[in-house]
Every structure is written in C-alpha cells, then in structure tokens.
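Colleague: Listed below are the residues making up each chain.
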Amino acid sequence: MSTRWEKMTGDTGVFAFKISFSSDPDGRDAIDPAESLSWGGFQIWVEGRNLCAHLEEGERIESVHWYLLPFLEWLASNWNPLLHEERPAVENKADCAWECLQLTRFPPLAVEEQVNVAAAWEKKWYSWWTRHSIRASREGGLFPDVVLRRWRDQIEVSWGSVKAVGAPEHYQFLESERGFARLPPKVVADALYDVLNDGARYLFDQAAASPRLKAFHAHVVSLRSAKRNEDQRLAWLAGLGMDEPSIRQGWRRLKGYLKEFGDGQRASLLDAQAGELVIEGSCQAAMMFGSVAPDIRKRDALALARYMVGLYNPEGDPEPLRDVVRHELLSRSAGPSWEQGYALAEEVLERFSGQIVGDDGVDIAGLARLLGVKTEESAVSDTAIRGVSFAGPQHRAGVLLNMLHEANAYPSGRRFTLAHELCHILFDREIGQPVAVASGPWAPRDIERRANAFAAMLLMPHRLVREVLARLTTRLETREGIAQVAQRLGASFDATLRHLTNLGFLDDHTQQRIRFETYQASIRSEA
Amino acid sequence: MSYEGNPKHKEPWQRGRRGSLCPNEIDLRLAMTLLAQSEVSGRKRYAAYQGKAYCAREHRDGLWHGYPVGWSEVPPEVRSLLVQKGRVTHREVKRYWD
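These protein sequence lines are chains Z and G, in that order.
Once you know that position 191 of the first sequence is 191 in this note's numbering, the rest is easy, because the numbers rise by one and skip nothing.
Count along the second sequence from 1, then add 527; that gives the number in this note's numbering.
The shape of chain Z in the complex, shown without the other chains (with noise of 0.2 Å):
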C-alpha cells in the first residue's frame, strides 16, 4: 500500500496526531466510495506513547489501517463534547474517563430490575461513550480504546486495554496498561485540528462533487470560529444535561438565571479565556456548575451564583493569598495517595506555623483570614456538596461551607471542610487564575483526595500529635485513645483514626478493630 498522503502535527513527547491516505487494497469492494478514498492509517501519540501501536502475527505495526472518514467525522460532530465535556456519564467513579466507563458501564445489580432507572442509566453511558470514545467510531475497524475529555482548565487523554469483539487473538496494542495523561487544550486541540482540517482538504478535492465529503469539509472548517461556537462550548464545560439538547437547556437556563446581575458582575462570571478552536481558560459560572449535579436545582443555581457575584472585586486575590498561590500538578507516583496532600499542608505549616499553631491545636480560621479568604455558612439544599471554594482574576477568594451538608453540624466537620478547601484555592490554580469547585460527589476524585489529605495534616501537624500522644491519659489503640486526640486536636473521630494510621503510629489491622468496635458500640447505643 502505497502512501498517497500524510500529515502528523504536534510533539510526540506531549501530543500528536498523524493520519495518511493510501489506496484501498481491495477496491471499492462492499463500501462507500468516499470511504474507500479515505483508506489509511492513524497515529495518537501522548506523553511519548504511541496509542496506536500494536502487534499483527506478531509484528509490530505503528499505525491503526482502517476506513478514516468516519472516525474524522466523528471527530468533527464531536468537537465541542470531546475538548470541553468532563462530567462523567452516570456517576463519578474514577480519576479517569476510560475507568470510569468501564465501572458504570452496567446499571448497579440494585438497579437493573427497576426497567426504567436500568434504560436512563443505560442511554446515559451510550450517549456518553459515543461522544468521547474513539472506539464508537470504529465502524468495523480494530482501534485503541482511547477516551477523551475535558479534565477542569485540560484535556484528559486516557486509555486501556480491552479486547474488541472481532479482533484476532495476535492482535494486540502495545500499550497494555491503563494510563492516562492531561495535556492544555491548545496543544491537543491544534494537533487534532491541523491534521483533520487537512485531510478534509484533501479528500475533498479528491472527490469535490461527493455530497458528503463537501458536507464534511464544510464542517470541519465551521469549528475555527470562537465567536459561532464559544456558546456552546461553555454549554459543555457546564454540563448540566445528559445530551446536547438538555446540556444547551441547561446552560440557557443557568445564563437566565444570571440575568438578575448587573453586566459587570455577569461578565466577571461567564467571560471565558476562547481560543479558536477551544477554550482554554474555564468561565467561571461552567467551572463551578461542572462540578455540582447535572440537575441542580434553581434555589441552589442562584445561591451558587449569588455567592459568586458577592464576592466580586476586580482587584482579585488579596496580597498575602498571591504569595502562596500556585498550581501545583497532581502526583502520578506511586507512593500513598494521601502523600502529595500531607507534603503542602507541612508546606503551610512550616509558613504559618508561628501565627496559627498553638497548644489547643491549628486555627484554621486564622490561617483564612491571615490568606485574606472570606469564609461564610449558607445552606445548599443538594446536601452532597460539603463545601464550594471560589477564587479569579476579577474575586476575592472565598470558602463556602454548605450547613445542611452533615458533617458540618460539627465544629471538627467544619474545620476539615474549611481546611479541604483552602487546598482548592492554594495549589488548584495559577496566581490570578479562576478556581471554582463545589466538593462533591462530582468534584474530581483525585483533586478531591489530595485536598483530604491537606486538610487532615494541616489540623494535625505531626508536630502536635506527638505532644497530643505525649500527654494521653488512656492507651492509643483504644476508642477512647483516638477520641482524646480527635477532640484536643479539632478533628473528626474518622479523620483522627486514618491520618493516625498514614502517620504510622496505628496499623492497619488496630485500625480496622477499632472501626468494628466502633461500629459495634453504635449499634448498642441506638438500641
């Protein structure tokens, strides 16, 4: 088969697309003329790892060979959902989007009997999955199983190994083991863009008088235009629907609600970093609502929104907040996940210790008020979101703590909660960039468990346990030993017992005993 055509855009090391066209080796037997011209192959390189590669009979073949018009279609049609949809399709399972597919992509045992809950959960994921996998474009082909989706202010690339129906046994891609990687939108959408605009070029004047390769050229060309598209592409950072036409509801909706605000305070909330192709920077209105439930209520939208206009103030992050601000990538070792968290509460620490360490353990309403973060208590009525942290360019920095959430009935409750946040606002941006999280069931997971693993080193230096330990006056390895230290230390029994335990001074063994005693005791006081 010889190479008729061939374009690769972007750095291997980062990301890069390659397609190339070459004759059908068998005709136009059995297919579409136009995808007959489009035979070829494809490359996706990430972080250096070709997504492609794989062996046939044993040898090694860099590109995938198939039919490409649909899966450039498909790229087209899904241009917005692929580099700006990151909620996932029924519940928030995993870091990733590849593993959070695989993990919902059947209904709950619980649930498949309820018929209609089993078809909404069912259409949801298909909707999903044939948005952002490029499986769902394969149409016969043999292609990796490669996810992508918006992941915050990047695109999350990720992938695994699961063997396609129809796929030979000695067919098999190189890269095995599931991964994933989160690379800035610009560079991933002008790799896709420059390859795809070509080859349309291409295959357009190879054929300019087939109906639907003029439609797709057609297409293709329309995405370049931040004006035409920029609206709904915020509907999909957004997310508040299932498919497009609720996602593109959703968002008119929200805009509506806005609408009570002066233009200024509006702008401040919708105004979006557009590129051509893709926005790079996050609104900050699409941030935080991408983060709570796709069905929000109205009560809270506005509440939300009301929160963010109040905390309006065009000089942005206070001085002292500036000279701690940065964002700081998630770590991808292979150590404890509470590891990277604990390291920047000690970060902290070591900072503020002198103005907020003291014997009766860390004020951590101190530490928000010396950063210059105003912090409130307001009720959100979807009680699955603790906390919201907000922050950018034209706000000051704030922490919401949601009363009717139930862990914030409690003053330990409301510490974690405040501490967990000031980590969003800490190391979840660049200085002067937006940050809106609302800490939730849909808030990202890994973003999620590094901030728990702030909050519980910074209201539990290592430094004070050990003088709390010093002093105890029962065994540690006891319900009333972690008790003790959880009250004097202003933290939650539960926090108390696993931080004890990442500290080493627990085992995992003393760890669980003591949750089934627990447990036990619980159930003795409610009878």
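These aren't lab readings, by the way, just hints derived from the structure by calculation.
The hints are all genuine.
Below 20 Å or equal to it, Euclidean Cα-Cα: the simulated SDA-like pairs (lysine to any residue) are: (1) G/Lys571 - Z/Pro33; (2) G/Lys621 - Z/Gln114; (3) G/Lys571 - Z/Ala136.
We have chain Z already, so just place chain G on it with the hints.
Modeller: Leaving out everything else, chain G in the frame of chain Z:
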C-alpha cells in the same frame, strides 16, 4: 435489501488490511438471514447470533455488509429489543460487551 460481504471482515488475515473479523461459519446465507432479522437504528442495522452482536451498514443502495461489534456499540434501545425478542440474554450481553 441484499447482503454483500466486505473482504476486510473475512479471513485470511492480512496485516494492516483487516478489521473486525466475521467467524468463518457466517456464510452468505446466514448473513442474509441475520440481515433480514436485524433491527434498525439510524443508518445501521443490528442482529444477534450466538450471543454476539453484529452491525450492518449500507454501502450502496440496497446493499449491506456486516461485521461483529461489542454490545457496548449497540444502542441500548436496540439491545433491549433484542433481549425482549429472546435473541440474546443479559448474560451474553455482558459477556460480549467489548
């Protein structure tokens, strides 16, 4: 509606020239039967055979070709219909999902 097989879904394997392979036992007669029994969804048709899903696409007016797909690729309403009609079971859908 007639069936015309595409060589890219047939044995023997040729490196870089084949896709999702139909089992050898699916000859033209069986392919015609599956096409006749298939359920339509958009511009594709779907059928079940021995627990696996097959998709057919029209490549020229009235001429269709088919190939095996995972049940994940079949629209859920078509899956439900095929289960209701007894052509596939829930267990088989899960087994041949990808």
